[in-house]
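Trainee: Here are the chains, one letter per residue:
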Amino acid sequence: MKLKTVLIYAALVLVLSLSLAPAAADGHCPQEGGTFTIGVDTFLPMDPNTAAHDWTFYAITNINSMLFRIESGQPVGDLAESWDISEDGTVYTWHIRPGMMWHDGNEVFPEGESREVTAHDVVYSIYRQYDDTSSIMAADLRNLFVSAEATDDHTVVLTLSGPDAIMYDKARGLTFTAIVAQEAIEHYGDDYGLNPLGSGPFEFVSYSPDEEVVLRANEDYYIDPCLDEVIFRVMPDVPAAMIALEAGDIDWWGAVTPGDDVGRFLDNEDMTVINFGCPVATRLYMSVDKAPFDDVRFRKALSHMKDGNAINAALRGPTHVKGAGTAGPGVAGYVEGLYDEYHAYDPELSMSLLDELGIVDSDGDGWREMDGELLEIPMFAWNSDPAPDYVAATVDAGAQIGLKIRPEIADPGTNNARRKDGEWGIYLGQGWCGEGGTNALWGRNGWISTLGYVDEEIFTLLDQSAQNLDEESREAQLQAATTRVAALYFEPAFGFFNIFTVKNNYVKDFFGGEWTLNLVTDDHNVWINEDER
Amino acid sequence: MAEHIVDLAADAAFIELTEPKSFFYKASQQLFGKKQAILGFVVLIVLVLAAIFAEQIAPYDPYKTNYANVKQPPSAEHFIGTDELGRDGFSRLIYGARISLMVGVSVSAISTTVGVALGAIAGYFGGVIDMIIMRAVDLFMAFPFLVLAIALVAVFGPSLFNMMLALILLYWIWFARLVRGMVLTLRETEFIVGAKAAGASDISIIFRHILPNVFPVVVVQGSFSVADAILIAAGLSYLGLGAQPPTAEWGSMLSNAKELMRILPVLSIAPGVAIMITVLAINFIGDALRDALDPTLRN
Amino acid sequence: MIPLVFGVTTATFALIHLIPGDPVELMMSNARQLTQEEIHRIREKLGLNDPLPIQYVRYVTNLLKGDMGKSVRSRSAVSYEIMQRLPDTVILTVTSICLVLVLALPIGILSALKRGTWIDTLAMTFALFGVSIPAFWFGIMLMLIFGLHLDWLPTVGQGKTPIEFARSLILPSVTLSLILLGLVTRVARSSMLEVLSLDYVRTARAKGLGAKWVNFRHALPNALIPILTVVSGQFASLLGGAVLIEKVFGWPGIGRLAVDSIFARDYLVVTNTVLVFAVMVILVNLANDILYCYIDPRIRFQ
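Protein chains in written order, with our numbering: chain A, 1 to 533; chain B, 534 to 832; chain C, 833 to 1134.
Hints are supplied without guarantee of correctness; some may be wrong.
[What the hints assert, rightly or not] Derived lysine-lysine pairs resembling BS3-like cross-links, with alpha carbons at most 25 angstroms apart:
#  : chain 1 : residue 1 : chain 2 : residue 2
1  : C       : K877      : C       : K897
2  : B       : K567      : C       : K946
3  : A       : K322      : B       : K567
4  : A       : K322      : B       : K597
5  : A       : K420      : C       : K877
6  : A       : K404      : A       : K290
7  : A       : K290      : A       : K420
8  : A       : K404      : B       : K597
9  : B       : K568      : C       : K946
10 : A       : K420      : A       : K404
[As the list claims (entries may be wrong)] Sample of chain C residues at the chain B side, in silico, Cβ under 7 angstroms:
#  : residue
11 : M833
12 : L836
13 : G839
14 : V840
15 : T841
16 : L850
17 : I851
18 : L960
19 : P966
20 : V1075
21 : I1094
22 : F1109
23 : A1110
24 : M1112
Hint data in this document are derived by calculation from the structure and do not stem from the laboratory. Cβ atoms here follow ideal geometry from the backbone N, Cα and C, with glycine treated the same way.
Given only the sequences and the hints, what does the whole structure look like? Please build it.
Mentor: As structure tokens, then:
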């Protein structure tokens, strides 16, 4: 071989190895150390029984091991290396990863005196959630739960009374069960949430309410974390947090990013915008058990009077996605074309429907009356952006067809109370994504049941889908339910928006969080490139 | 909050008993002899005119959405750009003057009237009425002002009217306390003791002797509380507790522009500057009024 | 004092429960979607389904035992939540008051001494600007300028090291001091003017003592009394004013806790926070009275 050829090969090998280096995940970090600072808008104590808040759960899922994690919508092993499900879907056998140790060097386990995490700890953790009736364990899992047993130190058998198809859904099911140590719970008592202890990739260091939480790398973890430290910094004011993100005071904004800022970050070469993976819908609810909302034609008029897609596009900017339903594109139960069929902008149609209902402007003041009286509909919404804008847009749309809509905007608590009391009017609705969301919203005893939403056919379809392990027919059931919601004009829709999170580019090998925040797994090991900072 | 009011409560002791006629004379002398006061008046008149003739002045309908024209930077068509619904920021700013002035003036006027009435009754008659009113005053004063205001608005349900109601509930206290203190002093003065001896009724003493003497201080107080109420109302609206969107109000415009702050900072800057100018103008006038009354400044 | 504290507590308890809304439902976030059934179960466990009088009696009994109860939102002890934030609010408030005194006293006194000159006009216009700017808006503007465009100071949160902490304290405390700056400048000026017109100062001057000496030896201490009264009287309003500023700057203080808890319907946190506010205000007033006697021996407790 000639020297030149050798050099070319050598150069090729060098280039190849350099380009592969950052991707190498076998316990090797391109750059060791570093602090990853995450901005969040709220943070609460870290007891998995009570932490109903997403960003708090991000910390829990790094302190505590989970049975499994969600990655790109699919469950992947964590404390459970693997698991088997019986054919009828009622018995889960979890195989626990051997050699996982509880964090040491704390009040419960002094340095070097830790013990292995066993199947008994898993059973303890599941029962701790089940026995505490005020825990956040999902109702459907609670209702199906029969028993959890450790058959040996590394095997847990979970028995259900029926199959649970949403076991892995990020908002429902077992995703809530972080594995805790009985010793720690007993030692700290009610203060466990202030001193969480687990077996995850990061150890708890300190917690200052409304300020920050500090975690440091667990050197005994089966994968060596590249990061030294993870800090959650609480920033209640979103615009201020956006400034901090741009200034590099925080590395990742974990909370939902408003539309306008995403547009700005998409243009910023130093930032990466990450899709949270579950498009969220904005829609209207109504007190459907009261006139005139009990008439499907009136609901239809409300749906077609507004240019939902244009409003959504204006208010959500680049995060906007056209469509309708609880499940957005890429999520189980999504039906394409629902928006065009049931929610398209057609004020002429709305006006003729209102005329047909006898809701007409008989005194010539420009506003329509019902039964001889001015029909003035309150529109309830919460007071943070962009809800008031949706109200303004709806009020404006109503005015165009002579329908008087009166804004009633209050803080979320008051707004919820109005919905709970079933007050007469229309409500702005937002949130709820994915399969679990469809169930918890439109299902039996769903979140908006107080407004009189009753439809046996939808309830039955959702009940069936929640226990149907066959993906194809479950998808069909979900789609049928979603289509029926649209056809009954239960949810005059504006459209979806994607939840985006934004990170600085110097954060590497990071793909975002979906309920569990996976910083150190078999496939990812987040590191910070200090040279780019 | 309500800082001027404590400030002036201290001044109440300096007030000399004066005939109302001479008060107006001196006040007008002072007011028009001072550049700041004239500036304040001119700005305020411009604002009031803008509020009254908003329909004629504003180039666009402040509520008209235009989805094809959102988030426009300032231009010849839109002086301070358009917001996320394509509404003209400048037009909304002009309409906003209405709400701010209305809130400031009505909160001040109503709470002054209520406070003066209750304070005069408490101070003049004393006894149980006085005790009840003063206990209420003590109780209110122990609360952090803004926290109480927020809680009250939350109880009533957020709306422009309820926010004004909450502010009135909090402001009358200050006037009552101030007027009571003054009446206590006045009650013992020779001419009132004399009037009583001459057989004048309580009502006539209150209306003919006490209120005219309290009046000058209350006018100054009132003018400062207009300014104060506008500021606090803006803060409450910023928290989403004031005017109901889509109402064009400066505080809620600020809150609304938060999201656009880095793209269109002018939408955040303009309502803040508008609030500042309005409050400053009112304070200039109040300041001149106070100078007219403060004996330490009078030669 | 005790009836007052009791009154404040009872009024707050009643007031906060009058606000419609459910704390459990408000805990729900984007991903965690609770059904009505789950919400009811959590409420039952937390005792929120009990009649209000029973909840009130429970609260007062526990309070007398020194237990403030638990937060619904965080499920930790209310006393812990408050004690974690109290020092931060005190630091912010005290720094702001110091800033106010450092700035307002010289300006106010100077403008009294130079009364009627352009210095006086300038100082008083400056003071008026101070009370005419919405403080929360001013804070956001400072943040935009010094945090983002110039990148001199951190925008939100608290620094960890002493230097970082001091740096992060600058913007919020400057913003908060704005609330008092105008007022204190004016009081400083008018009380100095008043003292200068008093007989004994005139006498001292007539005796031929130097103007500077008279100003600083005789006039200043007496002028300080009303200033002190105003500053301590405004302590409460500063705590209240800190609410919005703590929120804008992400400062982990007690004012923000109170407001967040109102919106979260975290009943016991609100009640106890207001209780702490009230006690602090009362204590400051008491300290003020004592200090008053010390400065001016003519005043004695009755």
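Trainee: Any CB of chain B closer than 7 angstroms to the CB of T841 of chain C?
Mentor: At 10 angstroms from the nearest chain B Cβ, T841 of chain C fails the 7 angstroms test, so the hint is violated.
Trainee: Is the interface hint for G839 of chain C satisfied, with its Cβ closer than 7 angstroms to some Cβ of chain B?
Mentor: OK, holds: G839 of chain C within 7 angstroms of chain B, min 5 angstroms.
Trainee: Holds or violated: is there a CB of chain B closer than 7 angstroms to the CB of I1094 of chain C?
Mentor: Holds, because the Cβ-Cβ distance from I1094 of chain C to chain B comes to roughly 6 angstroms (cut-off 7 angstroms).
Trainee: With 7 angstroms as the cut and Cβ atoms as the points, is I851 of chain C at the interface with chain B?
Mentor: holds, 5 angstroms
Trainee: Given M833 of chain C was flagged as interface, is its beta-carbon under 7 angstroms from a beta-carbon of chain B?
Mentor: Violated. Min distance 10 angstroms.
Trainee: For K290 of chain A and K420 of chain A, compute the direct alpha-carbon distance and say whether it is at most 25 angstroms.
Mentor: Holds. K290 of chain A to K420 of chain A sits at ~15 angstroms (cutoff 25 angstroms).
Trainee: Does F1109 of chain C meet its interface restraint, that is, does its C-beta lie within less than 7 angstroms of any C-beta in chain B?
Mentor: It holds, given that the least Cβ distance between F1109 of chain C and chain B is near 5 angstroms, below 7 angstroms.
Trainee: Would you check the hint for K568 of chain B and K946 of chain C, treating anything up to 25 angstroms between C-alpha atoms as holding?
Mentor: holds, 19 angstroms
Trainee: Please check whether L960 of chain C passes as an interface residue: C-beta within 7 angstroms of a C-beta belonging to chain B.
Mentor: holds, 5 angstroms
Trainee: M1112 of chain C was flagged as interface toward chain B. Is the shortest Cβ-Cβ separation under 7 angstroms?
Mentor: Where the cut-off is 7 angstroms and the nearest Cβ of chain B is about 9 angstroms from M1112 of chain C, the hint is violated.
Trainee: Holds or violated: A1110 of chain C as interface residue toward chain B, Cβ cutoff 7 angstroms?
Mentor: holds, 4 angstroms
Trainee: Is it true that the CA of K420 of chain A sits at most 25 angstroms from the CA of K404 of chain A?
Mentor: Measuring from Cα to Cα gives roughly 24 angstroms; hence the hint holds.
Going through the hint list in order, the structure does not satisfy hints 3, 11, 15 and 24.
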